[in-house]
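So the chains spell out like this:
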Amino acid sequence: MTFELVLFYLFGAILLGGALAMISVRNPVHAALFLVLCFVAAAALWLLAEAEFLGIVLVLVYVGAVMVLFLFVVMMLDINLAKLREGFTEYLPVGIVVALAMATVLVLVITRYITMDVPERAGPEYANTEALGAILYTEYVYPFEIAAVILLVAIIAAISLTMRKRPDNKSIDPGKQMAVSREGRVRMVTMASEKKKAPRRGGQGSGADAPGSKDESK
Amino acid sequence: MFDWMMNLFYSLPTVMQILIGIQLIVIPLMLAVAYTTFAERKVIGYAHVRVGPNRVGPRGWLQPIADALKLLTKEVILPTNANRFLFLSAPVLTIAPALAAWAVVPFFEGGALADVNAGLLYLLALTSLGVYGIIIAGWASNSKYALLGSLRSAAQLVSYEIAMGFALVGVLMAAGTLNVGGIIEAQSGSMYHWFLLPLLPMFFVYFISGIAETNRAPFDVAEGESEIVAGFHVEYSGMAFAVFFLAEYANMILISALTAILFLGGWLSPFQGILPAAAFDLPVIGSLLDHGIHWFLFKTAIFLFAFLWFRATFPRYRYDQIMRLGWKVLIPVTIVWLFVEGVLVAFNVGPWFA
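Heads up: the sequence lines are chains L and U, in that order.
Residue 197 in the working numbering sits at position 197 of the first sequence, and the numbers go up by one each step.
In the working numbering, each number is its position in the second sequence, counted from 1, plus 218.
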């Protein structure tokens with residue numbers, strides 16, 4: 001067994017173990033972290049298959065951005081597990097049917113390639129990024145562009161659905177803040193100098209005669 | 219002597235060569251981190267018209283060693299009901315990407331530990347992983363301040379990563395390669411061939427996003443002393459805290475080094491193509507003027523100083539201002555400049571896109 005094969009089985013085992021742990025642990029944050037582990041192991045497998053672009057982009061997009069937001073939400077949620085488990089037996093038959101259907105499809109797909117020769121190594125000149133780019137922007141340019149436009153539509157739709165003026169929103173318009181000038185905020189007044197009054201006995205109420213309070217009257 | 223050492227080095231097994239290479243990067247890096255903390259205190263000290271640390275050793279030079287020893291001997295306190303495993307693995311998850319990213323950084327010509335084809339992507343992926351340490355630290359601490367700090371930091375990092383990625387796309391368009399060494403080669407010629415001029419907006423966006431990604435002032439709301447005590451690492455003490463500290467400074471040095479590589483030509487000499495060729499043949503001065511690691515270190519030091527300078531100069535951003543700057547200012551700037559670059563590339567505007 002070559003070193004690469006050892007690595008392949010190692011990362012494969014981590015991937016499977018992480019996936020099992022993800023669906024079986026009780027704590028949702030732990031489950032999300034196990035999913036991250038799965039992504040990292042899958043990225044390592046892709047790197048072994050010389051698909052370095054896919055591997056690194058998996059880490060960059062899914063681990064570095066999507067799962068961070070996922071964790072963000074999961075940490076904020078107050079998940080009531082008892083409520084989630086309600087009606088488990090009620091939905092169990094439907095669940096079993098769906099699971100069986102998916103399992104059959106998966107088995108049918110996988111058994112076609114259950115054994116496979118170790119693929120030929122591409123030489124050191126092979127660059128996965130270039131190869132993918134060359135195919136993506138020539139042969140598959142229309143599907144690629146259409147997918148990009150669909151994603152853009154989804155982004156705009158999501159933003160327009162959540163954008164609304166809330167009356168209780170106290171946020172400040174930064175443009176207005178930037179446009180503030182001294183003239184708009186400070187009013188210079190000229191006035192005769194104040195005479196210092198003798199302090200009252202008892203020390204009470206001296207605040208009313210503080211020099212600053214006189215400015216308002218002029 | 220030198221040849222003899224090189225021959226010995228290449229006769230070792232590959233694994234040994236890689237391990238020695240890692241040591242050669244990590245040990246100087248850790249020393250640089252230690253003395254960056256010292257430099258920070260000195261620079262900010264002088265910016266505040268005071269002297270800074272000057273008691274430990276001659277002129278205070280042993281201060282970082284003393285700090286490290288103090289942190290090493292302190293107790294690591296585990297908060298009650300904290301998740302022990304995640305709590306202790308969070309600092310490791312922060313520092314590991316900060317160190318691993320150095321693998322593709324070329325210190326001199328051909329002087330990278332791993333000369334990866336997709337080096338730029340690798341850097342982007344690893345700098346985006348650092349956020350996990352912060353999120354996990356905040357969650358595993360079982361403390362509301364730590365959780366608030368980690369949530370702030372996560373949102374900030376995800377937002378600025380987009381601007382940073384777009385800035386890197388700009389570099390990649392100009393260089394035509396993802397290989398970090400290749401990006402430096404693409405800037406050779408003279409000082410005016412560096413990407414600083416054609417990609418000036420990208421340069422500013424990259425460096426500003428870099429400051430935000432390292433959670434440094436003025437973007438350090440994740441720590442926000444006045445609001446959330448110390449943010450995500452409020453529950454950490456001793457060496458566990460020190461590792462967070464090391465990671466922050468290692469990331470600072472990394473961002474400075476990358477800015478120097480991507481926009482100022484890394485180890486390229488600024489005198490190339492300006493001085494006559496005979497100047498580089500002079501005995502000692504020639505090798506100083508020529509390309510080499512010293513130019514890379516010098517350029518990195520400039521940006522590292524800027525980090526410290528900004529901390530002493532700018533007040534902290536408010537959270538909504540941070541989000542506005544990232545999403546409404548930096549990202550549109552990069553998108554506009556990507557269009558401009560596309561036009562420049564299409565019309566072969568020299569000397570950069572010829």
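Hints were generated in silico from the structure; no laboratory data involved.
Incorrect hints may appear among the rest.
Unchecked claim - DSS-like cross-link-like pairs, simulated, lysine-lysine; straight-line CA separation at most 30 Å:
no., chain 1, residue 1, chain 2, residue 2
1, U, 362, L, 176
2, U, 288, L, 170
3, L, 176, L, 165
4, U, 260, U, 292
5, U, 288, U, 260
6, U, 362, U, 260
7, U, 362, U, 292
8, L, 83, U, 288
9, U, 292, L, 170
10, L, 165, U, 546
As the list claims (entries may be wrong) - Covered by chain L, according to a simulated footprint, are these stretches of chain U (three or more residues, beta-carbon under 8 Å):
no., segment
11, 329-342
12, 345-352
13, 369-375
14, 538-551
What the hints assert, rightly or not - To give a feel for the contact side, a few chain L residues facing chain U, derived at Cβ under 7 Å:
no., residue
15, 9
16, 51
17, 52
18, 56
19, 60
20, 74
21, 77
22, 127
23, 133
24, 135
25, 174
26, 178
27, 181
We put the beta carbon where it would ideally sit given N, CA and C, even for glycine.
Results for each hint:
| no. | hint | in the structure |
| --- | --- | --- |
| 1 | U:362 to L:176 | violated, 34 Å |
| 2 | U:288 to L:170 | violated, 46 Å |
| 3 | L:176 to L:165 | holds, 18 Å |
| 4 | U:260 to U:292 | holds, 25 Å |
| 5 | U:288 to U:260 | holds, 20 Å |
| 6 | U:362 to U:260 | violated, 33 Å |
| 7 | U:362 to U:292 | holds, 24 Å |
| 8 | L:83 to U:288 | violated, 49 Å |
| 9 | U:292 to L:170 | violated, 45 Å |
| 10 | L:165 to U:546 | holds, 19 Å |
| 11 | 329-342 | holds (count 6) |
| 12 | 345-352 | holds (count 4) |
| 13 | 369-375 | holds (count 4) |
| 14 | 538-551 | holds (count 3) |
| 15 | 9 | violated, 20 Å |
| 16 | 51 | violated, 10 Å |
| 17 | 52 | holds, 5 Å |
| 18 | 56 | holds, 4 Å |
| 19 | 60 | holds, 4 Å |
| 20 | 74 | violated, 9 Å |
| 21 | 77 | violated, 12 Å |
| 22 | 127 | holds, 5 Å |
| 23 | 133 | violated, 10 Å |
| 24 | 135 | violated, 16 Å |
| 25 | 174 | holds, 6 Å |
| 26 | 178 | violated, 10 Å |
| 27 | 181 | violated, 19 Å |
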